[in-house]
Every structure is written in structure tokens, then in C-alpha cells.
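Chains as they are written, first to last, in the working numbering: chain V, 50 to 491; chain G, 50 to 491; chain X, 50 to 491; chain R, 50 to 491.
Derived from the structure by calculation, the hints contain no laboratory data. What you are looking at is a predicted structure, and each value in this text was computed from that prediction instead of being measured. Do not take every clue at face value.
Given that identical chains are not distinguished, each listed pair holds provided it fits within a single copy or across any two copies.
Stated by the list, open to error - Cut-off 20 Å, straight-line C-alpha distance, at most; resulting in silico cross-link-like pairs (SDA-like, lysine to any residue):
(1) Lys-85 <-> Gly-342
(2) Lys-383 <-> Pro-469
(3) Lys-392 <-> Asp-377
(4) Lys-181 <-> Arg-403
(5) Lys-85 <-> Arg-475
(6) Lys-159 <-> Asp-489
(7) Lys-392 <-> Asp-412
(8) Lys-181 <-> Arg-354
(9) Lys-85 <-> Gln-488
(10) Lys-392 <-> Ser-414
(11) Lys-392 <-> Ala-352
(12) Lys-346 <-> Thr-83
(13) Lys-394 <-> Asn-407
(14) Lys-383 <-> Thr-396
(15) Lys-181 <-> Ala-352
(16) Lys-249 <-> Arg-221
(17) Lys-346 <-> Leu-399
(18) Lys-85 <-> Asp-341
(19) Lys-85 <-> Gly-163
(20) Lys-181 <-> Ala-353
(21) Lys-392 <-> Glu-298
There are 4 protein chains.
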Amino acid sequence: MSAPCDEGDAIPSQDELRITSLGPCQFESPLARTLKLGEEGGAFTLDRSRVLYQIEFQEGEEPPRLAFERAGPRERIFFNPKDTRAAIVTCGGLCPGLNDVIRSLYYELKSNYGIAEVLGILYGYSGLNPAKGRPPLVLADGDVAEIHHEGGTILGTSRGPQEPPIMVEYLRELGANVLFCVGGDGTLRGAHAIAEEAIKRKVPLSIVGIPKTIDNDVRFCFRSFGFLSAVSEADLVIDRAHVEAKSVENGVGLVKLMGREAGYIAASATIASGHVNFCLIPELPLVLDGHDGLLAKLKRRLAARGHAVIVVAEGAGQNLMEPTGATDASGNRKLPDVGPWLKEKITSYLAEQRVAVNVRYIDPSYHIRSTAANTADALLCEQLARNAAHAAMAGKTDLLVSNWNNQFVHVPLTVATGHPKRINPRSDLWSAVLALTGQDRW
Amino acid sequence: MSAPCDEGDAIPSQDELRITSLGPCQFESPLARTLKLGEEGGAFTLDRSRVLYQIEFQEGEEPPRLAFERAGPRERIFFNPKDTRAAIVTCGGLCPGLNDVIRSLYYELKSNYGIAEVLGILYGYSGLNPAKGRPPLVLADGDVAEIHHEGGTILGTSRGPQEPPIMVEYLRELGANVLFCVGGDGTLRGAHAIAEEAIKRKVPLSIVGIPKTIDNDVRFCFRSFGFLSAVSEADLVIDRAHVEAKSVENGVGLVKLMGREAGYIAASATIASGHVNFCLIPELPLVLDGHDGLLAKLKRRLAARGHAVIVVAEGAGQNLMEPTGATDASGNRKLPDVGPWLKEKITSYLAEQRVAVNVRYIDPSYHIRSTAANTADALLCEQLARNAAHAAMAGKTDLLVSNWNNQFVHVPLTVATGHPKRINPRSDLWSAVLALTGQDRW
Amino acid sequence: MSAPCDEGDAIPSQDELRITSLGPCQFESPLARTLKLGEEGGAFTLDRSRVLYQIEFQEGEEPPRLAFERAGPRERIFFNPKDTRAAIVTCGGLCPGLNDVIRSLYYELKSNYGIAEVLGILYGYSGLNPAKGRPPLVLADGDVAEIHHEGGTILGTSRGPQEPPIMVEYLRELGANVLFCVGGDGTLRGAHAIAEEAIKRKVPLSIVGIPKTIDNDVRFCFRSFGFLSAVSEADLVIDRAHVEAKSVENGVGLVKLMGREAGYIAASATIASGHVNFCLIPELPLVLDGHDGLLAKLKRRLAARGHAVIVVAEGAGQNLMEPTGATDASGNRKLPDVGPWLKEKITSYLAEQRVAVNVRYIDPSYHIRSTAANTADALLCEQLARNAAHAAMAGKTDLLVSNWNNQFVHVPLTVATGHPKRINPRSDLWSAVLALTGQDRW
Amino acid sequence: MSAPCDEGDAIPSQDELRITSLGPCQFESPLARTLKLGEEGGAFTLDRSRVLYQIEFQEGEEPPRLAFERAGPRERIFFNPKDTRAAIVTCGGLCPGLNDVIRSLYYELKSNYGIAEVLGILYGYSGLNPAKGRPPLVLADGDVAEIHHEGGTILGTSRGPQEPPIMVEYLRELGANVLFCVGGDGTLRGAHAIAEEAIKRKVPLSIVGIPKTIDNDVRFCFRSFGFLSAVSEADLVIDRAHVEAKSVENGVGLVKLMGREAGYIAASATIASGHVNFCLIPELPLVLDGHDGLLAKLKRRLAARGHAVIVVAEGAGQNLMEPTGATDASGNRKLPDVGPWLKEKITSYLAEQRVAVNVRYIDPSYHIRSTAANTADALLCEQLARNAAHAAMAGKTDLLVSNWNNQFVHVPLTVATGHPKRINPRSDLWSAVLALTGQDRW
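Only chain V is shown next, with the shape it has when bound in the complex (with noise of 0.2 Å):
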């Protein structure tokens, strides 16, 4: 397990994990040369594979049944490859693994399915509205066959939302049968939008989501997509802060680190790192004051060690701060900054103690989020886009392609979005961080 997760949630009914469908498959899937292997089935994935939503259980006790769809190439498929166009949109913030997404997706469609054309959409969701006047690119070979190992996408991104009839009946004018939207939760209720415009237009078009959120925290996705590389990163990052801190008397070094609403980076990054003393993320309230308050344990820490390390996440402390009542284009509210916030706090604390102190602030934010993606996301992108493609040409739609349990799974999108994953603070992922750094025993 890279990095574990938790589903704080209601759970969904096996009724709400049912995937919309635009019809009958009336074709042979043109995979079956690859993968028939000369048996029943071949490597092909029926229909009604399931694959469990959980899978601890109590001795003793009856292991759940819920189930997602499992994804997978189709025997039979919806769309005939000669006629199907795709189109591809990457929204929001960058994320490692774009460009890889971007790139399975092309060469899966076009090398396996053999469809006619690819489409790229231009900077999001704004490339859907024609007023915009940023027509879509058709993507060939040289346009992605060396990207993978790059940061960013090609195709360019922006935040917020386009008015979905307009997106439908500009994808129809392009002939575009299929669309993957490359996004986070707004993205993918936004996706969820054009799908439901298509089918009241009864436009036999399939959306199909790839969820990107570096946070990690879209629900029923185990692990998306950039996160490790994100992890790792900041692990590389607080590393550095650690060399700063050892080096000066009262060394403190103070990381900030993505997570708006679920500490996974924070949490993970402080695992695989060794050497973070105190981690504070957004799931939990931030105690400053008193006796077991951060500012009086960290002055204990320099007293027996001379240094220290903090990881917050940028959604820790909002409990203690103003809210700025700002939103951005996403819609997101603006979050008030805990980086200096909590620098001041630290630093007029300790010369109130007349303690010395040499404070360090890392935000390395747009360093981290334009990195390219790490071997374990790519391998996770190249899975994504292909189980997508293979969702799309079977005529799925409404639905995001998830990594759950090691398996690759089908999501309708309302269940999916709306409300983040976060870390659950009994699970395994942050007893680890609390093993590590020993945080609350100071």
C-alpha cells in the first residue's frame, strides 16, 4: 500500500454504484486480436466482474458485498472504432501525470481501437465554448509520443465551469462521440453536468472522468493520479528543511505542503521522509496554546533537541484563522494562508519565551505541481487512461475510472463527487504518522 486512505463517508448503495449506459454493444472489440489468447474470454473483462468495496471484516462477522463495476476492455463494444471521435479535456491545477494520461489515452484509441481522431481540447473547459475561439487540436504521434516524462499538460487547463448545452453542441459540431474530462471534483461534477445534457439530448455521447487531484482526495479513489510523485517531492522538500534546521541553533523548519481539505501529502510525505517532528493536517483541529498546544511542545522539542521539523497542510489551522470569504474561479473558497500565519505565531511565541529562534518557511507549492510524474504514477496513468478508453468504447458514461483495492473500478460521478475524501484519524496511515513523529508525547 503506497499510501493509505480512508472513506470518512457515508457508504453508497449497491444501487448508487450502477453505471449509465448509452446502449447495446453491437461490435467486436478490434483488442480481441491482442488479447484473446485462444480462450474463452481471453484477458477480456466481462460485464458483471465486481470487484469489493471493502475488504476487512471481523472474524466471525459477514465480509460487506458492496461492489463497484470493474473496469476493463469489453468484448463487445458501442461505438464503431472507424466512426468514433475523441476528445480530451485536462482542467484545474497541475497535476504530475497529465501529459502520460494524455498520451495512453491517444495511443490506446488510436493504435488499439484504431478510431479516427483524437481531439485535444484547449486550456479546459473554456476550449468547449466556441466563443472562446481556441479550436481543439487533432493530435498525431509527434505531438505525444516523447511527453510522458514532462510536467504540465500540453493541452493547457483553466478553472471553472462552461455552460453545458453550449459543451454538448459544440462536441456534436466537432463529432466528437467521446469525451474524457481530466479533473477534480469540480471538473468531474462538471462532467457529470454534460452527461446529463447529453442523455436529456438523447447525443449518444460517453463521458468518462479520469479524476487528477493531488490531494488524493476524491472519494473511492484509492490513489489518484500525481499524488506519489507530490509525495515525493515534498519528501525531497522536507529533507531540505531538516538540513536547514540541523544547522543553526533552534533550527525550525517549516514546510507547507497542498491539501485544502485531506492531509495525504502531508501525512505521506512526513512518513516517507523520517524526519518530520510535527504534522498537522486539515482532519484535525490545530491546538496552539496551552500545556499540549503546538507552540509550548515545540519549545520543549528545541530544548531536548535543538531543531525541528513542521509539515502543516494548507487546510490545517483553518479552525484558528479568519476565513477570507474569497472564492476562486473553481468556485473553491480561498483559504486564508497558514504558512507565515503560523511562522508568526511560532516566532512571537518563542522570543515571548525568550527563546532564540531561527524559523525556515518552504512553499513549494507550484515547485511540487508542476514536477512530471514519478514511475509509480506512471504506471498508474498509463492503467487510468487505458481502463478509461476501454469504458468510453463500450458505451459507458457519467462514470470516473478509480484505482480501488488494486483494482481498476467504475464510478458514476455522483457518488464520486461533492464531498472529499479525508483521512480517517484511526486508521493505519495516521497511527504511522503518529508512531514517527512521536507528536503528541512532547
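Given the structure of chain V, go ahead and fit chains G, X and R onto it with the hints provided.
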């Protein structure tokens, strides 16, 4: 899914998965202070917690119920920490993450459980034979604080077994109650022999295995530590081979990767790299000759594209080569070297066919084995090691700790050893290789 | 030429370049065994070896003859190794290579010269004030063997001076005959004060400076250690900023780099990266407004290309900003922060001009300072440190060791300190920046 | 000094260093806009600027006056940019930085000089033979914008010469006035032959060499591009070998590095790594046997320390091995492979001596050659390439551009080719190796 895998073998019975215990747990865990969190059971794991073996099923059928014991900290433990001495031994070839495992075991046992001493056994099982004259290190904070970002093992390693009675006796002399054996199939079989010997002698000695297999071929271990680091390094090597291949007319980059019995590294690195045209693994017989043989396919590939990259696992092609008849110190049969053999086959075939060719052969084995653990493996090692400590302190023995479907579980040593885990040619993993390389289509 | 540079200041006289000596060299160097090589002089450096200050001239004119004393091992030395104690102190901000320098000094002095003891002074000059209660470490092999691939300094550092009489007295108490001062301009001025004090007191104490300036701004040091590592990290950061800038419409990546008085890091990273459009350095006044000001040029660049990358040295733009009036513990004036100021200027100008823009600001200072030395710097540190040891053992004092035109030379501390080296706008280096960015042509 | 080196050979006369010119410079340089800077001469280089060959001398003696012509942009140029076509050819084995050179040549010629066309000749000199049927690429921005952080060469490469009359004729057909030849000794000799042929035919063709030698063995080139990247990669490989060696009893890490005639990579990587115990280079005969032979020294080292790391340049040990008698396509004699030979010598000697030993042999050649340029090389390539463009536009021919004592200079091809630069055993570089390894003291 970072690195999909499959069990090709017979499924054990529920009874075979039962874990041996040294006796009742009479002591309260010192972890209670950290993990209790004010609620019933806190973040402790109940001894009757289970994790399902198989999580995929077909709708309409009954999901299988076979399950592993779940790993994790127990509320009550068998050993009294203040009287407990633990020993750690690392065996066999190098693998990224060995130092991470040593460090996390040390900190969990010393800082969190507060045991008396952690001993580092030197140079593998030979350090458990007093005749070798290598007394163990008594580890201290300074020995381990900074080792986790370095390759190798600070304890050293060696191949081959020692006599169980001698080792059990020596562990008693050293006052050790707990032994962590970090190694591959042979090491784990040795660990089982020690556990049996201790039980026979009624010595309350907990033997906990931590599977170390860079090839990722230990059964019931979804992903072994070091594997993803190896894939990551292999990915880099393949990129270099690709650069070499593209830079000359009819350039062929030939990369031999680890994988004696199982091709996980070759297959995963192929997917991650995105630049491989032919991936050869031990699970599938190599076909060189004929229209559909590798050589003719390679010739067609070169004619079409002017260059090619081939990845071959060290255990591939054995169906065509003369066995050496030799074995190494660990008792593994020595394989004839597929790399130079294959290079020669390619060169002479293409010479015959009057195709001028430049084959660049790369064998990065030691380079890969000696690298440090990457972030994904650092996370895994941390949690494997801490769960191994929990199992030992709870008085469990003759087991290994493993990651299964993103949970940590206990697996009896007898069940996990004796024959390797291998890639199922009908698995998602292999399908992904075929989709990406298109190697069946030339 | 890795990183071209220029001296903007008055040229010293040959007399000013003379090195102070503690007295005649009465002992044979223990290096004779290794360096003699059976010939006259062997690989030893003669004390009258010189290295030309200026190597460029115009045909028909006379090449200038001003020259530095050449560094290197002397056949006869001043200190008797078995009675010699050396101390090492590291001061000021972190810089890649500090640990390399410590390690190489240690090995040259202990293994090759065989001196009695090498002392590590803790936390900068404050460790030379016994009132601070920080006795030095007596270094051993195990302390330094593995430190050279790690950032920071194992000795710790601090800013600011101590009283020379106190330090000289304390060094006598410690039995130290030799002190290596690794630091920037302030540290080297402090070293000169110690050397003067020792001469005044007739204490035979050799004071050898090793210039540490990540900004590369110490005079008569062509390239200071850590500089190329910093450029290398800065290059990576700029690439990330480029990825961010390209990924959105009118994206601007704004990277602030180190360089208070001299823009060597900004200029060199600009050349290495190949992705910078505007490079701003302290040596040239910043022009923001008007047709040829940065803001209008940026607007034209965005209109033409849709994105831009700007690199700004921390000392740039001071001509337009209000001084803070404050100083730090080292006595350096605190500069107003050009990064956020420039970001605000860009944002408000483009808002006025009704150009929607996305500015991503990155300030990687601590991230860069704490990195380990790269290979080029590892080579430099090794040789700087060994040459510093040679100078000290030969009884030279009040000097620094420097790299000049690919040779190592001795420079009197008084000549090298007091005002920084800066980029000449007519130099090859700046011409290369202009050629690459085309920043004067928008 | 990044990588010290020495010229072992006879010193040319001032006359031999004179550069051939195609004729008077009738055109004003288009760079005037950027470089004029409002003053006389601006940042242009005068044609009579010189750079001293030797910069070290003994006090009391006269500094030598031999000097190279300084490289740099000339105020007046020979070719009219709008009528100029330039061609680039890359030859021989891969070397980090080839793509950087291509990119910087392209941008300087197209963006700054504004010439008509830059042609990319495919697959080395064979692309200048029309009989091979490989017409050149007409390069555009999109071909080169992102290539500089990638290994290899986008133009491809090959070994061996073509007929000068054919190449000159073909260049005329292509309308090329300028040819940049990027390659090693053989390539540069080929370039000279082309230049001679053009002069003979009175074709105004400028031939400018850019020395490419990963071994760093071209005369009058202090540091060749790619060399430091190779050292950096070699440094990493040695660290891995060190990890392997330390992890077992009597572990020996044996690393073969590039260096046919000169051991610069081996020596520099030895210094940078800090972990090498024996460094073997072609400049010094290998002594295996006897009390002071490598084998006995290694045995003593193992007895004392339990492990050892040996670095051997590929050209070392040739004094003890049977020549192969063969040559490669470039006409270089094929060396017998010192790596496996030395491994066998060590293994059998220690077996005889009844010392159990584990030799791990690593040959990273292709891995190193195909890496991308590091930052230090990126800086060098940028400036080498731009200076090469300046030389060509000024109508100079039959020369190479080189870095000498941190200045860029012009060197006639005849002077630089024909016999390699090698390490002087009395140089600082070799002294540093001896100081660090202590290899003469076992």
C-alpha cells in the same frame, strides 16, 4: 495500482492461513498512550480482524471468504518491553529499502515499545553462527538516524543458511526474544526452520519475516519493498537505451532486467517507460524463429521505424538455452545469461538478413540493486517494519508481514514460501504490456 | 568555462598580492612519499610559482604581468605535523559543499599530513567564544566519511562576528595552530581580524579562508564552491516555472533567485535553462515603465507567445524600491523583497491594460541553499580544501584559497574582501544572456 | 577548476595558431542592436584579442606569450545573413550536450543573425553523401525548442568518413555556406579535409569544428562538453559500487569507465566520489604483480578494511593485454576489454591467496553516454555553440571553438587533432587522485 500482480498457484485453505502464537498476551501495549484516542479499541487492531484474499467476483456469484489475519498494533502484547531484546538480520542480494526497514524496526521497538535492546546481526545468517566470530551490533539512534536515504544495508548481508539449532542457541545466549528475518524465499524458509526449532525447544522466540524480493515474486505479497525503486531505475535505464537506439540507423537497445522466475520488473518498467517495443518475461516461452518469432518481428519493426527497444527479464528465454547445472550459495540454480545470448542471436540473424544493425546491450543489475528506496518504497518499508514489530511484540511467530490489497496482513511462512508468484498472462498487467508495446502485432 | 565572471574593480598592485608567512619552513612535508615521483621537485609546487591575473590581451600590446601566488603542496612546511592541531569553522548561510570541504580538509590533514587533531568548531564564530559553552568536536573518520553527499554543514553555522582577542585566546587554549574559516565576505573579514590579532600577539597561528559565496560574488574567485550546484537547482526551478507558465493562457512564471549584489546565479541559470525570457540582475537598474520598460515588453511578449518566464535576482530592482533600513546579524543591509513587489507590479499593470494573466511566483531560496554539492562542486571542494591545507601547513596566513583561471591561487584576505565581484554588462556572460533571452528586442 | 587537465605534447608556434579566413568582412553584424551598448566596440570581440596559452610561470622568469585568437561576436561579418545557409552534423558516439549544441547553434543563427536556413544533416557524415539518400532536415523552432534537456542527438550519428569532394559538392547543392562539425578527433580531421577541399575548389565554405569528446582528450580544449555530465553519472555509479562493496564481506566494486587514451573521467569521478581506493588510467602502466602490484595492495586493503572500490579506465592495463588487432568504423583500434580481464585477475589471485571475495563488476558505458547534459555542460554548450556561430559568420574556417582557461578561443583544426590530450602524472589532477585514494600507500 502501482504494480499489478497475480497468484498463479493453488489457493490455501483458511486453516492454513492461521498464525502461530507463542501464548497469551499479558502486557498492556505501551502504544496505548498514542493510539487510544479516547475511544473503545482506539486505533488498535483486533486480533480477529481479517482481510479478504480475493476481492473480485462475478455478479450473481458469492464473493469468496478466504481471509488473512490483519496486521497492526495489538492492545495487549506477549513480551514485556523492558525485558525484550530484538535482533534484525538481512540476507541475500541487495534490495532498495533494507536500511529503511532496519531504521523503522529500530525506532518502533526502541522509541515506541521501549524495549531493552535492538541487535543488528552482521552479514546475514552467518552472523547467527558464533563460529564466524561476528558479534552483533547493539544499535543506537546515531547508527540509524540517517540511513534510510541510502542504498544497501548497514548490517551487511550474505547468502546461504546456517544450522537452526546453532542459531536458536546463539539467540538465547544473546538474550534475544525476537528475530526479524529480512530476505527472499530462501531466507524465509530459513526463518521457518528457526521458528520450528524454537518451538521444538520450547524457546519463546518470535520469528517474523519481512519479504525482500526485488523481483516481487513472493507469494501473497502484492508488492514487495524495493520493487518500485527497481522499476523506477529500470525505467531510467530503458530511456537511455531508447536514446541510444534512436541515435543511429537501425539502433537496437537491449536491456536485461532482474526477474529470474517472474517478469514483474520487466513488465512494469515497460509500462512506465512507454518506449519498449518487445518485453520478454520468464512466464512465457521465448519464440525466436519463424514468421512470428522475435527475430522476424524485430526485422519488420526496424524496417518500419529504424530503431527498437527490447527488455528481457533474466529468466526469459530459458526454454531455448542450455542449463548451466550450477547453483549459487543460496541454492538457486544459476541461469545461463540471456543478455549476451540474445544479443548474439539478434546480431547474427540480422547479419544473415543483410540488415546493418547497432545493438547496444545494457545490464544494470548491480546499479539497480544498490539504489536507495524511492518515496513509494519508503512509505511501504515504514509500515511493513512497524507492523512486523507489532506482530512480534504480540508473540506471533513463523509468519511474514505483507501488503495485500492495500492492507497489511500476516501470512504463515510455510504458505508464502516454496514457489514463486508469477505474472498471469491473462492479467491486467500483461494486457497493459501488450497494449503498450504492440509486440504481438509486428 | 562553466560560469564566466568579471571583476569590475580596481586592480591591485603586485605588492598587495604578497602572502604573509609565519616563518621559515623547517620540516619536510610528509607528502613527499606520494608526490616525489622520483624527480626534481616532484609534484610539489614551488613557492615562486605564479598564475597570471589577466590572460586576455590585444595583439601588439604587452600582456599584463600581475600574478597571484600559486597554491599547492610545498616540499617543506612550517608546522610539525605531530604537534599540529587544526580547527575548522563554517559561518553564514548554507551553501552546497560545506560538508565536502570539511571532509577533504579532515582527510588531507589527518591521513596525508598526519596532524594530531582536527577540531570542528560548532555554530560559526560563536563556537570560538568560550562564553557560549559550545566546546568543539574532535573529529574522527566516522564523523566525516559519508557527509560529502549531504547538504548543510555538520558543524552548524551562525551569523555575526566575535571579538578577535577572545577567539585567538581560545584557539591557544585549544592548542590549535591552524584555523580554516569557511564563509563569505563578513567571515573573511573576521578571519583577517583574527590573523591580525594573532600577528599582534606573536601567536604562530595560520588563518586560511575558504570563500563560501553561493552568489559567487567574492573578488578574485572565479567560481566559488556551491555556485554551480545552486545554478543547477535554479535551472530545475526555472523549468518548473516554464511548465506552469505554458500550461495556462498568459501564464507568467516569476522566479526569484539568490544574488544580493551580483546576478551570477540568475544569469547562469538563465543560460543553462534556455527557457527564460527576461533576466533581471542587480548590476543593471530595473526599468519598469515606458515603452522599453519591463512591463510593456512583457505585455508584447504575452501577446506574441502567450506565456513568459522572468528570473529576478534578489538584489535587482533596488533602484525602484524603498530601502528597509534594517540589517541582519551579519551586518548586511536587509533588502526589500523584490519578488512579491514585482509580482504586484506585473499584476496591476496588466489588469490596467485589461490583459488577463496568471502569475506563478516561486522563491526557492532555502531549497537551493540546502542541497548537496553536485559533481562539479564536489571536484572543486576537494581541491580547494586540500590546497587550503597545504597553505596552512606551509605557515601562510591571512589569505584565502581560490580558483583563478583553472588554477588554485593564494589571495590576501584584505585584497579579496570589502566589495563584491559583479557582472560586467559587456562580458561574455551577459552577452550570452542577451543572446538567449532576446530580452532587449521585445 | 572543474576538471583539471594537462597538455603533454609539444607546444605549437604562434604562427601555427593563426586562423584561416575566407576573406574580408563586408557586412555589419545584426547583433549590433543587442551588443553595442552605446560604447566604442560595445560587447563585440576585436579580431586581435588574444588569450594566453600558458598562465603559470616562475617569479623572476618571463611569462610565455603564446596566445590563441579569442572567440566572440565580430562587429563586421563575412556572410550576408539573408543569403546564408548553415548545416550541422553530429558524428561518433553519443555525448551529453549534443542536442544543446544543436539548439543553441540554431537559435543564434536564426533568431540573432537571422540567416535563411539551418539544415540538420542526418546520421553523421553519411548524411553528406547524397548516395545514402538521407536529405537533411530544414530545422524549425518546434524541432529544437525542447531538446536540450534530452540525451542523444536529434540528427542521429554515425562513425567513419566520407569523401571530401562529394561532401563539398553536396553542400554546394544544398546551398550551404557554413558547416558545423560536432565530433571527436576523427570527425575534426574529417572537417579539416572538407575545409581544405573547399579552399582548393575556391568555395567560400566555413567549416567550424565543435569538439565532442566524452573522454575530454582533445588537445587545447580544457574541458569538452559532456565531460562533466559523464563524470557526474560516473560518480553515481561509483557510489552504487561502493554500496555493493560495503554490503558483503570482502566486497570489491569494480567500475570500468570511459577513457581510451586519457583517464580524465576515471580521475575526476574518483575525486568527486570520494569512495574510490584504486584508480587506474591509461597514462600509467598497470602493475598487477609483486609486492607493490595492484593485487597485493588490494589484498592488504581488504584485510584492513573489508571492502574496496576500483575504478579502471577502458584504456588502462593495455600494457599487459594482447592487442585485438581490430579497428572500428571510425578507424580507432579496438581495445581488449580491461573490465572482465581485471575481474578475472582479481578473482583468481585472491582465490590462490585463499581470500574469499565478492567482485561486483559494473560497465555503465551506454548508460553514461546517453544521459542529458547537466547544468555545467548546458552552460558550456550554449557558449561553445554561439561562439562557433560567431566564428562561422565572420568567415573563419578550418578551426574549432574551445574553452581555454575560462575563455573561448579559436584553434586551427590541424593543431588540435592527431594525438590526444592526456593526464600529466605530475599534475594537480593526478596529485588529487593520489591524495584522496591513498592508492600508493597500501
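Now the hints, each set against the structure:
Taking the shortest Cα distances, Lys-85 and Gly-342 sit within 20 Å of each other only across copies (19 Å), while inside one copy they are farther apart (62 Å). For a Cα distance limit of 20 Å, the shortest separation of Lys-383 from Pro-469 inside one copy, 16 Å, qualifies, whereas the shortest one across copies, 43 Å, does not. For a Cα distance limit of 20 Å, the shortest separation of Lys-392 from Asp-377 across copies, 18 Å, qualifies, whereas the shortest one inside one copy, 25 Å, does not. Taking the shortest Cα distances, Lys-181 and Arg-403 sit within 20 Å of each other only across copies (16 Å), while inside one copy they are farther apart (58 Å).
For the homomeric pair Lys-85 and Arg-475, the shortest alpha-carbon distance between copies (9 Å) is at most 20 Å, but the shortest distance inside one copy (45 Å) is not. Proximity of Lys-159 and Asp-489 under a CA criterion of 20 Å is satisfied inter-copy only: 17 Å between copies versus 54 Å inside one chain copy. In the homo-oligomer, the alpha carbons of Lys-392 and Asp-412 lie at most 20 Å apart both inside one protomer (12 Å) and across protomers (16 Å), since each shortest distance falls under that limit. Within a single copy, Lys-181 and Arg-354 get their C-alpha atoms only as close as 58 Å, which misses the 20 Å cut-off; across copies the closest is 17 Å, which meets it.
Only between protomers do Lys-85 and Gln-488 lie at most 20 Å apart by alpha-carbon distance; the minimum there is 15 Å, versus 54 Å within a single protomer. Taking CA atoms no more than 20 Å apart as the test, Lys-392 paired with Ser-414 passes in both settings, with 17 Å inside one copy and 17 Å between copies. Proximity of Lys-392 to Ala-352 under the C-alpha cut-off of 20 Å is restricted to the intra-copy arrangement: shortest distance 18 Å within a copy versus 39 Å between copies. Within a single copy, Lys-346 and Thr-83 get their C-alpha atoms only as close as 60 Å, which misses the 20 Å cut-off; across copies the closest is 15 Å, which meets it.
Taking identical chains as interchangeable, the C-alpha atoms of Lys-394 and Asn-407 lie at most 20 Å apart only when both belong to the same chain, with a minimum of 13 Å there against 30 Å between chains. In this assembly of identical chains, Lys-383 and Thr-396 lie within 20 Å of each other by CA distance solely across copies; the values are 18 Å between and 25 Å within a copy. In this homomeric assembly, Lys-181 and Ala-352 come within 20 Å of each other (Cα to Cα) only across copies, at 16 Å, whereas the closest approach inside a single copy is 59 Å. With identical chains, the CA atoms of Lys-249 and Arg-221 are at most 20 Å apart within one copy only, with a shortest distance of 14 Å there and 67 Å across copies.
In the homo-oligomer, the alpha carbons of Lys-346 and Leu-399 lie at most 20 Å apart inside one protomer (11 Å), although the nearest pairing across protomers, at 46 Å, exceeds that limit. For the homomeric pair Lys-85 and Asp-341, the shortest alpha-carbon distance between copies (17 Å) is at most 20 Å, but the shortest distance inside one copy (62 Å) is not. Within a single copy, Lys-85 and Gly-163 get their C-alpha atoms as close as 17 Å, which meets the 20 Å cut-off; across copies the closest is 57 Å, which misses it. Proximity of Lys-181 and Ala-353 under a CA criterion of 20 Å is satisfied inter-copy only: 18 Å between copies versus 60 Å inside one chain copy.
Taking the closest pair of Cα atoms, Lys-392 and Glu-298 come within 20 Å of each other only inside a single copy of the chain (17 Å); across copies the shortest separation is 33 Å, beyond that limit.
Violated hints for the displayed structure: none, as all numbered hints are satisfied.
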